[in-house]
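Trainee: All chains, please: the whole structure from these sequences, using the hints.
For reference, the chains in residue letters:
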Amino acid sequence: MAVKGLPASWRKIPQRYNLIGDECKTCGERFFPPVTICPNCRRTGSLERYKFSGEGEIFSYTVVRAAQEGFDFQIPYFLGIIKLKEGPLVISQIVDSDPEEIDIGKKVKTVFRKVREDGSDGVIRYGYKFILDR
Amino acid sequence: MTSIAGYGVYIPRYRIKIHEIARVWGADGDRVSKGLMINEKSVPGFDEDSTTIAVEAARNAVEHSGVNPKDIGAIYFGSESPAYSVKPTASIIAEAIEASPNMTAADIEFACKAGTAGIQMCMGLTKSEMIKYGMAIGADTSQGRPGDALEYSAAAGGAAFIIGQRGIADIEGTFSYTTDTTDFWRREAEEFPSHGARFTGQPAYFKHVTSATIGLMERLDLEIRDIDYFVPHQPNGSFPLKVGKTLGFETEKIMPSLKVPYIGNTYSGSSMVGLAGVLDVAKPNERILMTSYGSGAGSDSFSILVTDLIEEKRNKKTLDSYIKDKKYIDYAIYAKFKRKIKGVSMG
Numbered sequence: 000m001a002v003k004g005l006p007a008s009w010r011k012i013p014q015r016y017n018l019i020g021d022e023c024k025t026c027g028e029r030f031f032p033p034v035t036i037c038p039n040c041r042r043t044g045s046l047e048r049y050k051f052s053g054e055g056e057i058f059s060y061t062v063v064r065a066a067q068e069g070f071d072f073q074i075p076y077f078l079g080i081i082k083l084k085e086g087p088l089v090i091s092q093i094v095d096s097d098p099e100e101i102d103i104g105k106k107v108k109t110v111f112r113k114v115r116e117d118g119s120d121g122v123i124r125y126g127y128k129f130i131l132d133r
Numbered sequence: 000m001t002s003i004a005g006y007g008v009y010i011p012r013y014r015i016k017i018h019e020i021a022r023v024w025g026a027d028g029d030r031v032s033k034g035l036m037i038n039e040k041s042v043p044g045f046d047e048d049s050t051t052i053a054v055e056a057a058r059n060a061v062e063h064s065g066v067n068p069k070d071i072g073a074i075y076f077g078s079e080s081p082a083y084s085v086k087p088t089a090s091i092i093a094e095a096i097e098a099s100p101n102m103t104a105a106d107i108e109f110a111c112k113a114g115t116a117g118i119q120m121c122m123g124l125t126k127s128e129m130i131k132y133g134m135a136i137g138a139d140t141s142q143g144r145p146g147d148a149l150e151y152s153a154a155a156g157g158a159a160f161i162i163g164q165r166g167i168a169d170i171e172g173t174f175s176y177t178t179d180t181t182d183f184w185r186r187e188a189e190e191f192p193s194h195g196a197r198f199t200g201q202p203a204y205f206k207h208v209t210s211a212t213i214g215l216m217e218r219l220d221l222e223i224r225d226i227d228y229f230v231p232h233q234p235n236g237s238f239p240l241k242v243g244k245t246l247g248f249e250t251e252k253i254m255p256s257l258k259v260p261y262i263g264n265t266y267s268g269s270s271m272v273g274l275a276g277v278l279d280v281a282k283p284n285e286r287i288l289m290t291s292y293g294s295g296a297g298s299d300s301f302s303i304l305v306t307d308l309i310e311e312k313r314n315k316k317t318l319d320s321y322i323k324d325k326k327y328i329d330y331a332i333y334a335k336f337k338r339k340i341k342g343v344s345m346g
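As you go down the protein sequences, you meet chains A and B in turn. In terms of numbering that gives the first Met the number 0, the first sequence is residues 0 to 133. In terms of numbering that gives the first Met the number 0, the second sequence is residues 0 to 346.
A few of these clues could be false.
Under the rule of at most 25 Å between Cα atoms (straight-line distance), these lysine-lysine pairs were calculated in the DSS-like manner [to be verified]: (1) B:K86 / A:K108; (2) B:K325 / B:K335; (3) B:K339 / A:K84; (4) B:K339 / A:K105; (5) B:K316 / B:K252; (6) B:K33 / B:K323; (7) B:K69 / A:K106; (8) A:K106 / B:K323; (9) B:K323 / B:K335; (10) B:K339 / A:K108; (11) B:K252 / A:K108; (12) B:K316 / A:K106; (13) B:K325 / B:K339; (14) A:K11 / B:K69; (15) A:K108 / B:K33; (16) A:K50 / B:K315; (17) A:K3 / B:K339.
Read the hints as simulated data drawn from the structure, not as lab findings.
Mentor: In structure tokens, the structure reads:
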């Protein structure tokens, strides 16, 4: 059976597996997810691939109790805004953690996890999530 | 000489106690736990599978070795619980460690010993200088039919080894022993494996592990006194001690690798995780003899001599650090995480 829509996620493999974004060599700002043009420098910008370390801290978070489809069996789960060490803010699940452990400012690091499955016969989407850096 | 350039392990954080599983099935937890010599086993998180375990172990191995992933010319992933029946996990691992596309990769299967078969393949490729480094991974999220004896031991975990010409431990030699012995199997599209109960013992595990170990010792002219650690495949706590005793190894040469009481049987990870645990503590010039076992059936035995480099390159992400970082779950949560409840999925 032919399945449509594979290229969109396939193109995102570098960013989803390895947090690869961009760095503007003109202004020095780093971007995640990748950008097509530096919003600061525009035509004078010079973008290069940049791999983020995966280290950061919890900038903010929420507990999801009414999940979107595909995440139903994971509730309650933590969705955080992570401030990466190199600057950008990233939205991601924070997994393998208990409610009393999670707090703003706590150090986190990336792990490689399943993000969703397209049914039992479809593609498995892997990517980054965060855990507490204990 | 081929050598272990670096290694990495990964064990999921969740644990279920043997007593908790026994409680659900009306079994005597003390008796089961004592018989298997397993207290608790690791359980993959809801979003973990053999791929994610392999990637974490592979990344730890790259970090430990200091090897540029672009210099890895082969990746072999050994598992009996791959996420896809068709579509290699090895290519996902390669992408996740940012290896070069100019490489060979494949998933291999030989029950619990596919990972060590991968080490042998990497040894051949590096020794013949076809590649600079090769990576072999053994990882599983093993299955056990609810209520079956296997459910008490079937756990999750993995280890990755980077093989090259120079490293923390030289591989002095390897010897394999293979026969057609159907002691444990899972047919295509079947959810759970079947096994021959006691038939998995004497004619299967014991015969193959002893034959490969003795074969290697004879080939390399080694005596028991020349070996500091014996690392056999660990389907439970009692088999490794029994096979060690049969071969003449003192218990203290087996105990450093015997982690199955705390994490269960990690299947393709089992002997490789045990080896990683020994390398975490081994000293230069100590000799480790590892013998894997895969049902169906076969064993790969390796003689490994630790080099001076190990003192400079201690692995910071030790097996014990993963064993200690744990969270207990009950059978209900275990059943959800393992998708044993009908209808539970990720989409």
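Trainee: Each hint should be assessed against the structure and marked as holding or not.
Mentor: Consistency of the hints with the structure:
| no. | hint | in the structure |
| --- | --- | --- |
| 1 | B:K86 / A:K108 | 29 Å, violated |
| 2 | B:K325 / B:K335 | 18 Å, holds |
| 3 | B:K339 / A:K84 | 39 Å, violated |
| 4 | B:K339 / A:K105 | 34 Å, violated |
| 5 | B:K316 / B:K252 | 23 Å, holds |
| 6 | B:K33 / B:K323 | 21 Å, holds |
| 7 | B:K69 / A:K106 | 30 Å, violated |
| 8 | A:K106 / B:K323 | 20 Å, holds |
| 9 | B:K323 / B:K335 | 23 Å, holds |
| 10 | B:K339 / A:K108 | 30 Å, violated |
| 11 | B:K252 / A:K108 | 36 Å, violated |
| 12 | B:K316 / A:K106 | 18 Å, holds |
| 13 | B:K325 / B:K339 | 22 Å, holds |
| 14 | A:K11 / B:K69 | 20 Å, holds |
| 15 | A:K108 / B:K33 | 38 Å, violated |
| 16 | A:K50 / B:K315 | 23 Å, holds |
| 17 | A:K3 / B:K339 | 30 Å, violated |
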